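Visitor: Residue numbers (the numbering used here), protein chains in the order written: chain U, 1 to 396; chain G, 1 to 396.
Take these hints with a grain of salt, some might be off.
Copies of one chain are not kept apart here, so a pair can be met inside one copy or by any two copies together.
[To be verified] EDC-like, lysine to aspartate or glutamate: derived pairs with alpha carbons at most 20 Å apart: (1) K71 to E58; (2) K71 to E245; (3) K349 to E245.
Read the hints as simulated data drawn from the structure, not as lab findings. Please read all numbers here as calculations on a predicted model, not as lab measurements.
2 protein chains.
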Amino acid sequence: MNSAINKCIKYEISVPSKEEMFMFPVPKLCSIERKLSRLRCSDEERQRLMASHAPFGELFTDHMVVAEYTKAEGWHDFAVTALEPFSCHPATSVFHYGQAIFEGLKAYSQPDGSLAAFRVEKNAERFIASAQRMAMPPLPKEMFLASIQALVETDRKWVPAGFGESLYLRPFMIARESLLGTRPSSVYTFSVIACPVGNYFPNGLSPVSVWVSTDYVRAVRGGTGEAKCAGNYAASFLAQQQAREQGCDQVVWLDAIELKAIEEMGGMNLYFVFSENGKKKVVTPAPSGALLKGVTRDTLLTLAGDCGYHVEERRIELDEWRDGCANGRISEVFACGTAAVITPVGRVKSARGEFAINDGKSGEVTMLLREKLLRIQHGLDADPYSWRVPLVGVGD
Amino acid sequence: MNSAINKCIKYEISVPSKEEMFMFPVPKLCSIERKLSRLRCSDEERQRLMASHAPFGELFTDHMVVAEYTKAEGWHDFAVTALEPFSCHPATSVFHYGQAIFEGLKAYSQPDGSLAAFRVEKNAERFIASAQRMAMPPLPKEMFLASIQALVETDRKWVPAGFGESLYLRPFMIARESLLGTRPSSVYTFSVIACPVGNYFPNGLSPVSVWVSTDYVRAVRGGTGEAKCAGNYAASFLAQQQAREQGCDQVVWLDAIELKAIEEMGGMNLYFVFSENGKKKVVTPAPSGALLKGVTRDTLLTLAGDCGYHVEERRIELDEWRDGCANGRISEVFACGTAAVITPVGRVKSARGEFAINDGKSGEVTMLLREKLLRIQHGLDADPYSWRVPLVGVGD
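Using the sequences plus the hints, can you model the full thing?
Guide: Laid out in structure tokens, this is it:
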């Protein structure tokens, strides 16, 4: 199928023999140009880099996907190229008016040596929703998946094989028009880059401590809280710094209107485990119009239920959290997200005081759900949900 | 002082003979490298471009200022260079986590042929405040002014001479580290670019119509509303599109908590003119923790007072606006900002109905303040406030 010349050949997405392997239709001939103009890492160099325990998000694979959008042509020129810098006019719209969205997902090694992603459709859908909120052009779902697949196939040697390890994929879109008029850009770049990753938190699964911010808020309904947009993150860094100054690892956000209800932790969603009469119930804050509805959060709504726990989405206030830890009703709290999977929360500090959860230790529900989720992602457990999305076969 | 070779010479900021010319101390030897590696526009080409009535922010001068920040070196390598693209790794922090702030100010031709800016210190101060909110390294005030001055001096031929015309200056700072870890960048670029501009609104001073958004909000206290950061603008575009769909020119924001109090219009502040017993009072929304405190807004607090109007900063709700227009208490409403100076508002539309202000016509207070402000900026009226900041002398 491929030409002998590896420099600038037509790259055809390998369509799975069974269409139902994919959760959404892939165009039969979704062509992505392959432009490999730069030398790749040697096998030795790549192995050395992958063994170097680089911090999360600082080691990149050899390639990237790029595509351009203009009003006249729509999305076009999808290509896998060497990882190369963008050339940006100083007036490039993203520098001034911040139209930038992204997604985060992972490719996991499977026991048979194939590679699979997890619920890519959810990421593709949220990427569309984020684009709409930021007045950016939505990227068709099938091009989102085809881009992920093309990059993982090209850089398949960069996917670590260990349990809990993966290739972190970062699809993103930025405004590229050069103008200072305050209006949406008419030119955009879509790109996917990738990083081999181990565990997100350097200290492994030791529970994190959190600072509940009342000086800063993350988002408010009617704002951009439900979009995975760049500005939400820049807005959070000062609160994160304050958390560090308070001796805590992460910041916890309250609702912007009353400063009472728990929303999120840093860039992750939160789950609260209640124990009543020997029964366990897991509770996560209900969507408020400001909450980022994480894919892992959504996955756990189903998975926790199937593990025998009662599951609830509802409002939960800081007072209930504190009282629940004091009277033993709340036995565990954990945060969840694609990058860090599931992370226990051990200690809570706010302007009104400090308290521990489960004596600052990881709890059994947290550990069980984490293990269960990772086993499905790595193909070690059955996947009755069809969450795994095959990307690259054994022989590909 | 300058070497004969124009290619890469040391460029020393010309320090004004009287230090009090500047509102804040300029280092005696604040050196900015001058690297002019590309051909500039010919005089004819520049004149043709300046006469072409390019839309706001789409025609740029020949040069730019750039400087770099690293944790080890702090701010360094200030230079005036040809306007050239930045080379950005796809993981550049500003693309993913949105740390980006900017300012907008203008250089005005003076009657004697010299060039002056207006209240630059306010922009420098807000740039520091914006940086602090976004966990970015503040740029010292003196480097902010020196950069403005160096660029205007280099591109002085690009400053239009007409009344109401100016050179729009855009200082901005972006995060430049290549990483996907969610933390503040440790590398930043500061830059200043410039655009010759006429009137901001293409239809001149014909009053604008506004759509009061209740679906979207701009900011909430504890958020980033007081910072001039890129993310605030991206967040506003969808509401702006909605305004267009409603047949309006601009969006008006309500407070995020109650959706009642008026905050801003698009990227500009608002003023309401009340008439009572033949006396005029101008009222602008009080800082709420979410409002961007504009330099023009601040200037008018003083200028309107000195023009004999009573001035108030207070909460004003949409209901009061509507009722005031109905019963004749509110005779004019205008928006103000650096780019568009002062723009009358003629018509207001919301989900609850529509009403006109002053029969949709410009009012006398609006026109008087606009003329007065422009005359001070252009050096045609006395400046008892020391607002004008000389940048380039006649003989320079």
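Visitor: Which of the numbered hints above does this structure break?
Guide: Going through the list in order, the structure violates no hint and respects every one.
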